[in-house]
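Undergrad: Spelled out, the chains give:
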Amino acid sequence: MSAEKDKKYLRMTLNERVQHFLLLTSFITLVMTGFALKYPEAVWVSWVRSLFGDFAFEIRGTVHRVAAVVMILDSFYHLIYITFTKRGRKLIIDLWFTKKDLTDVIGTIKYYFNRTNVKPKYGRFCYIEKSEYWALVWGNVVMGVTGVILWFENTFLPVVSNIGMDIATAIHFYEAILASLAIVIWHFYFVIYNPDVYPINKAFITGYLTREEMEHEHPLELEAIEQEQQNTNDIKDKIDL
Amino acid sequence: MSRRLLKNRRLFYVILSLALLTGFIIILINSPIIRAKGSDDCLTCHDDKDLTMEKNGKKISIYVSSADFKHSVHKVIECIDCHINYNADNLPHNPKKSDVDCKSCHDNIKASSDNVHNNVKCSQCHTKHNILPAREYGKDQTSNCLACHNNKNVQAFMSSTHYKKNVKCDDCHQGGHMTKKLIKSESLTICGKCHTTNQMLGNNGVHQVALKSGNKNAPTCVDCHGSHQILPSKMSIESQSCLKCHLDEKLFPGDTKGSAKFVSQYKTSIHSSIQKDGKPAAGCTDCHGNHMIENPKNPESSTSKARSLETCGKCHTDIVAKFKNSKHGQELLKKNPKAPSCTDCHGEHSIQSTLKSDEFSKLNQVELCLRCHQEQKLPHKNYKGEEVLISNYKDSYHYKALKEGKNAATCADCHGSHEMNKADDPNSRIYRKNIPKTCGQSNCHVKELNEYTGSIHEVSLTQKNSPDAPNCNTCHGNHQIAKNNDVQNRISNSKGLVQLCSDCHNSVELTKKYNIPTGRTESYMNSFHGLAIRGGSKVAANCESCHSHHNIRPSSDSLSTISKKNLPQTCGKCHPGANQTLFNTPIHITASLNESPLLFWLSRFYIILIIVTIGGMALHNLFDLLKKMKNKNNKNDSENEEKEKDVSGKG
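From first to last, the protein sequence lines stand for chains A and B.
Using my numbering, the first residue of the first sequence is number 1, and each one after it goes up by one.
Using my numbering, the first residue of the second sequence is number 1001, and each one after it goes up by one.
Bound-form chain A, shown alone (with noise of 0.2 angstroms):
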């Protein structure tokens, strides 16, 4: 029993964890140079500003683009381990939403207003982390097509217009707005202030969840293993005998 409780189970290969890795401080990095750069008087801003000295402003605009660099080719990379890698597939077919996910939400929010015991059983990913990914998907994409035109203002000023710009910056303003707070109350909820997984979730760290995690979070995905893990026994046994 006690074996079966120290159990790992892998969540993030290598792979996929230095793809967060890249995702999360170049999210972070872009996130507060970004707003650095939309309230220059925030008492941080002009602290780090200080400690820059005449050039922080220019500094903080490479460090931006920097950023959104190492973000726009993690998420291609991302986009090449999707279609060439088996794993790659099994994950954006894990991630895709299904009719389950629907009856999942009516069914936790039914269990978090008491009208059922039962909580629903999430399998690899709940519409939680599916939504969280689609969203960041959407956000990629919209930042960095806006973030490109503002960046190559002198390419794009001619094509989208004096108002293009002004509507490529209040996208790329609001765009950021949500997606911080996205990550802040969404993703960060999950994986750090969720009582279950409290201080912090470090799949992302070793790449592995534990026996108890599996069974809170994901039960389908660990019976499947398990079911798998049986079936292969069952093939050993088989050959065994």
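Source of the hints: derived by calculation from the structure; they are not laboratory data.
Only a predicted model underlies this, so the values are computations on that prediction, with no experimental measurement involved.
Check each hint, because a few of them may be wrong.
Using 30 angstroms as the maximum straight-line C-alpha spacing, the simulated DSS-like pairs for lysine-lysine come out as follows [as the list claims (entries may be wrong)]:
no., chain 1, residue 1, chain 2, residue 2
1, A, Lys7, B, Lys1630
2, B, Lys1627, A, Lys99
3, A, Lys202, B, Lys1632
4, B, Lys1632, A, Lys119
5, B, Lys1628, A, Lys8
6, A, Lys119, B, Lys1627
7, B, Lys1630, A, Lys130
8, B, Lys1630, A, Lys202
9, B, Lys1627, A, Lys121
10, A, Lys110, B, Lys1538
11, A, Lys7, B, Lys1635
12, A, Lys100, B, Lys1632
13, A, Lys7, B, Lys1628
14, B, Lys1630, A, Lys110
15, B, Lys1628, A, Lys121
16, B, Lys1627, A, Lys130
17, B, Lys1538, A, Lys38
We have chain A; now place chain B onto it with these hints.
TA: Positioned in the frame of chain A, the structure of chain B alone reads:
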């Protein structure tokens, strides 16, 4: 009949003989031949020009012109009446050689005891034989006097005004037989016989007061005008007359006002060195007056502070007229003791041309003005009554440039010198509307004035007469004006510049008053340009980058840098891509419904999206958290119950 005839013939002879006798007597009396019995006898010999005799070893002429003698008053007397003891038969006629004694006849001549001519022989003036009647003698008296008095000074009388105006020696020297040597102290009385007005004028002058108090050095008429060579006033009273005494350090020691040293500064002054009609431009008397010279401390004096405008204005008419209208002049006329007069700035004897004067060199002029206009001495208030720091001019670029030897504006260049006036005077060079002209005067900021002229700011300043329209000072400051790239200058950095423009363009009061579009500052501040400036960028566009600085015009003006036609070029300075852009929408837009519906609805959409999405997420997670905490409590309770059961079961 014969008896009667005879008797008649006798009577005829008597009358005839009587008539003949009378005629003869008349002829006898009047005939020169008959008179020659005395003088004629003498003249037969002495009317010879070559007649000489030897006297004391010298050959002397003893010629007597009979014509002259017969014309003289002495023609009625005989030679021997004067030349007594002369015997025509002897040669020489009078061996005793006794002199002619005029007093033997002229014993009633009124001669004063101090007559300088007491020891002069009568003949030296009246001549010996050609003695004329007083009436005729007087006609040519001056040349008679000058015949003996041949020293230069007296001879110069011939060229004097007195000679030309027929004043004769005896008019001053009494003349006749009362001629006396004149002494200095008498000259006032003597000259005053004719020069009554001038003498009266001089009555209380310093010179007369000194003279009356017994000062031997005090000058009288002749000390200045000379004695014999008296010339028309200006010529005779050249400053040399005054300087003769006033440069003498023994008479005027020390180096205070009034000393010889003080006066000697005049010699190098412009008044002395510049010539006008061959004479110094201004001599002592031109300022100090002539007879009525008074102490400058006396308010009545021509050199007193109160009267200096009048005195200097005799020549410098235009300048004094300007000065009288200036604030300095007005205060001076109000008798404000702090107000400056001509001499307070220009000096007194040392006065120099402002161009050459070291005191008026641009750099020193500052010191000159600051001598009074310093905070401690005369707190300077501008026309609004606000106290203004003037000495910070020394921090200005104008002063810095001067110190580097360049030509730059100093006090008078902006305020004017004599016409200096306060900024609220419409004629003042620093009046709101005149400032652009003052700054743009030739040799100064001509180019900038040209740019400014026609700008919206200039039009509202000069044509629409708006009291709030900015002139040069509004943006550049005044005394402490700095160069554009000087960190001291608020327009040297974008933040300062934006703030400067916002002072008016973000003012609720002013935007309402002049119907200026609002929200310009806000829209700029939130634009990338504004954010960059706020974030410390030094290259991002500020107001000036697009609107230009002096030549700011509304976008409807085709000359404006932000007119639709010029906008691609203006933006293209930084963004080459803008050259092909059509600017169809305004630049300064806020996301308000009327300015940009598109942006307005876009932002509304996002705000609603954010509220719904993030709100939903937050609620979802809140319920999740509450549920999990409830579950944990239930679990703990059931575990505890189980434990208690175990314990009681064992017990």
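Undergrad: Can you give the numbers of the hints that this structure goes against, from lowest to highest?
TA: 10
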